[in-house]
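A.B. asks: Build the full structure now, drawing on both the sequences and the hints.
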Amino acid sequence: MRGIGNNWKSAALMMAPLLLFLGLCYAIPFFGVARWSVTLPEPGLGQYAVLVSDPLVQSVFMRTFRICIAVTVVSVAAAYAISVVWVRGTPSQRIFVEFCILIPFWISVLTRAFGWVALLSNRGLINTWLQAIGVISQPLALVRNEFGVIVGMSHFLIPFAVFPIASAIRSLDERVLLAARGMGASRTRIFWTVFLPMTRAGIVGAALIVFVFALGFFVTPAILGGGRSVMIAELIYLRIFQSPDWGLGAAISVVLVVAVGALMAVVMRFVNPRRMV
Amino acid sequence: MISYRPGPVSLLLALLVAAFLLLPLFAVVPVSFTPGRMLAMPTGQWSLRHYQTLINDPRWLESILLSLRIGIVTSLLSTVLAVTFGLAIWMFQPRFTALLVGFVILPMIVPPVVSAITLYFLLTTLSGLVPAIGYDTWLGVALAHTVMAVPFAAVMILVALSQVDRNIDLAARGLGASVWERATRVILPNIRFGVVTAALLSFILSWEEIGVTLFVTSVNAITLPRLMWMGLRDNIDPAVAALSVILILITLAVLILRAVVQYRRAPSDR
Chain A
143 MRGIGNNWKS AALMMAPLLL FLGLCYAIPF FGVARWSVTL PEPGLGQYAV
193 LVSDPLVQSV FMRTFRICIA VTVVSVAAAY AISVVWVRGT PSQRIFVEFC
243 ILIPFWISVL TRAFGWVALL SNRGLINTWL QAIGVISQPL ALVRNEFGVI
293 VGMSHFLIPF AVFPIASAIR SLDERVLLAA RGMGASRTRI FWTVFLPMTR
343 AGIVGAALIV FVFALGFFVT PAILGGGRSV MIAELIYLRI FQSPDWGLGA
393 AISVVLVVAV GALMAVVMRF VNPRRMV
Chain B
7 MISYRPGPVS LLLALLVAAF LLLPLFAVVP VSFTPGRMLA MPTGQWSLRH
57 YQTLINDPRW LESILLSLRI GIVTSLLSTV LAVTFGLAIW MFQPRFTALL
107 VGFVILPMIV PPVVSAITLY FLLTTLSGLV PAIGYDTWLG VALAHTVMAV
157 PFAAVMILVA LSQVDRNIDL AARGLGASVW ERATRVILPN IRFGVVTAAL
207 LSFILSWEEI GVTLFVTSVN AITLPRLMWM GLRDNIDPAV AALSVILILI
257 TLAVLILRAV VQYRRAPSDR
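So the sequences go chain by chain: A and B.
The numbering of the first sequence is our numbering, which starts it at 143 and goes up by one.
The numbering of the second sequence is our numbering, which starts it at 7 and goes up by one.
Please note that the accuracy of each hint is not assured.
Chain A regions said to be covered by chain B (calculated; three or more residues, Cβ under 8 Å) [unchecked claim]: (1) 198-212; (2) 273-284.
Partner residues aside, some chain A positions facing chain B, computed with beta carbon under 8 Å [said to hold, decoys possible]: (3) PHE172; (4) GLY174; (5) TYR190; (6) LEU193; (7) VAL194; (8) ILE224; (9) VAL226; (10) ALA260; (11) ASN264; (12) GLY266; (13) ILE300; (14) PHE302; (15) ILE365.
Mimicking SDA-like on lysine to any residue, the simulated pairs with C-alpha atoms at most 20 Å apart in a straight line are [as the list claims (entries may be wrong)]: (16) LYS151/A with TRP96/B; (17) LYS151/A with ASP175/B; (18) LYS151/A with PHE163/A; (19) LYS151/A with LEU206/B; (20) LYS151/A with LEU161/A; (21) LYS151/A with ALA265/B; (22) LYS151/A with THR190/B; (23) LYS151/A with ARG188/B; (24) LYS151/A with SER184/B; (25) LYS151/A with ALA169/A.
Read the hints as simulated data drawn from the structure, not as lab findings.
Cβ atoms here follow ideal geometry from the backbone N, Cα and C, with glycine treated the same way.
C.D. replies: In structure tokens form, the structure reads like this:
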């Protein structure tokens, strides 16, 4: 039953504040940004031409792509390992794992990035200890490079990958596993030929979510990349605030939105959002 | 009942991932008790000077107060907007519900950096019209944070509403209750837990927000994350470690409290 009938006035009145708010403060300003991309410094598609020709922009795009792929692989694999125990472990194992997933999830991205700096920097815990026990004589370059960025971003994104994977594992029919065991398959074989293939949808969903999130990452790469491993989001920031070139920053933003929009359309095909939680 | 449990290899791998997840959180603890002025590793000497810095240096206290103020305004605004919208969606089930909700959750899906540049555009434009809520003002930051937090609040409210039994609203309607009475005396009391969660979540999102804040502030509205960022980017300030330890402890306390409350509410679930 559609109750809207003669109540449409109440409905409109109640929805108006939020819709107007987001329309005025979000949708319209976005078109303002899109306009920057074709009007600054001069009208035309010049900034988009720069995007496809400028070697610096190209190298940032390539690096972003490379880092996002690496982060996706690491996060999904790690999330899978922990999800298996979160869903199928004994009650005490499950509580422990849940704790490990939820705590980083609720802690600020800055605190976590700082934790990695404390661990990975030249005078950080890892290098200090390794030098103290004599494994290495020079500190390893673990941060201010792509390695540090990948570690920090994966750490941030693992919890997001856990939810779709855990939901796929949860919906797996246990009798299939028991049947495989009953017929004498080893644990390894069960995992590779039964368990993993049956949770494919969760893996694809998690990978797409992680990849989309990683594309627009700003804080973690800026801190752990130390200004050297610049990714797309940081490039936008630099173009707006350091070498004022608003048009280029705006053009990159528009491209990013289009890319994410296209990827989200793919996500929706693979993952039913209602089954995510 | 689960009878196919993870084997030793699975357990070992999960343990490694768990260690990876917790490692950076533990790493800040020893650093926060070092005596030096620069970021350094513990050498056996301990001190509380970085904790003292947090208390003595007025910048930290000022930014904490600013973040609290912005967080409270953000939380109130987002919750009110989300509740009115959510109630309308639930009570009237408008034809374009999917489209409307999709529009409302846009800031949640769009890459944060794009939202940031969009809000930068908004606030620099507003600066010319209403300087009080423009670029680098605390009200401007609260406005920007509300745009970012309101989708999460709306989702929370919609989830809470989806648990409400429609029959109680039908009964109220049958007895002649007006829209206002249905909303405030029948539906709202049933989703009060969801409303509180939405308010709390909006507050936390604002309290931790850094991506957008970097774009819309420069020297006046220095929120706590903004100050942490400055202490991380230029020259790493170990006071950030002390602050991180305090924030981690608060988070832990809240999570444990929440678990206890949940356990009390539904002891039969476990």
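A.B. asks: Evaluate each hint against the coordinates.
C.D. replies: Each hint tested on the structure:
1. Judged by the Cβ-Cβ criterion of 8 Å, the segment 198-212 of chain A is not covered by chain B as claimed, because only 0 of its residues qualify and three are needed.
2. Using a Cβ-Cβ cut-off of 8 Å, 0 residues of the segment 273-284 of chain A lie near chain B, which falls short of the minimum of three, so the contact claim is violated.
3. Contact between PHE172/A and chain B, as hinted, is supported at the beta carbon level, the nearest pair being about 5 Å apart and thus within 8 Å.
4. Satisfaction of the interface hint for GLY174/A is found here, the shortest Cβ-Cβ separation to chain B being roughly 5 Å, below the 8 Å cut-off.
5. Taking 8 Å as the C-beta cut-off, the interface hint given for TYR190/A is violated, the closest approach to chain B being about 16 Å.
6. A least Cβ separation of about 15 Å between LEU193/A and chain B goes past the 8 Å threshold, and the interface hint is therefore violated.
7. About 19 Å separates the beta-carbon of VAL194/A from the nearest beta-carbon of chain B, more than 8 Å, and the hint is not met.
8. Given the 8 Å rule on beta carbons, the hint for ILE224/A holds: about 4 Å separates it from the nearest Cβ of chain B.
9. Interface hint at VAL226/A: satisfied, since its Cβ lies 5 Å from the closest Cβ of chain B, which is below the 8 Å cut-off.
10. The beta carbon of ALA260/A is positioned within 8 Å of a beta carbon in chain B (closest approach about 4 Å), and the interface hint is therefore held.
11. Taken as an interface hint, ASN264/A does not check out: its beta carbon lies about 10 Å from the nearest beta carbon of chain B, beyond 8 Å.
12. Here the hint on GLY266/A is kept, as its CB sits about 7 Å from the closest CB of chain B, short of 8 Å.
13. The interface hint given for ILE300/A holds, since its Cβ lies 6 Å from the closest Cβ of chain B, which is under the 8 Å cut-off.
14. Residue-level restraint check for PHE302/A is violated (minimum Cβ-Cβ distance to chain B is 13 Å; threshold 8 Å).
15. Evaluation of the ILE365/A hint against chain B yields a held restraint, the C-beta minimum of about 5 Å falling below 8 Å.
16. The hinted pair formed by LYS151/A and TRP96/B meets the criterion: a straight-line CA distance of about 15 Å does not exceed 20 Å.
17. Distance hint between LYS151/A and ASP175/B is fulfilled; the C-alpha atoms sit about 19 Å from each other, no more than 20 Å.
18. Restraint check: the Cα-Cα separation between LYS151/A and PHE163/A comes to about 18 Å, which is no more than 20 Å; the hinted pair holds.
19. Straight-line distance between C-alpha atoms of LYS151/A and LEU206/B comes to about 31 Å, which puts the hinted pair past the 20 Å bound.
20. Restraint check for LYS151/A and LEU161/A: the C-alpha separation of about 15 Å stays at or below 20 Å, so the hint holds.
21. Proximity of LYS151/A to ALA265/B is assessed by CA-CA distance (about 42 Å); at most 20 Å being required, the pair is judged violated.
22. Straight-line distance between C-alpha atoms of LYS151/A and THR190/B comes to about 18 Å, which keeps the hinted pair within the 20 Å bound.
23. Distance restraint check for LYS151/A and ARG188/B: the Cα-Cα separation of roughly 16 Å lies within the 20 Å cut-off, and the hinted pair is therefore satisfied.
24. Between LYS151/A and SER184/B the alpha-carbon distance is near 13 Å, which keeps this suggested pair within the 20 Å criterion.
25. The hinted pair formed by LYS151/A and ALA169/A fails the criterion: a straight-line CA distance of about 24 Å is larger than 20 Å.
Consistency with the previously given hints fails for numbers 1, 2, 5, 6, 7, 11, 14, 19, 21 and 25, ordered from lowest to highest.
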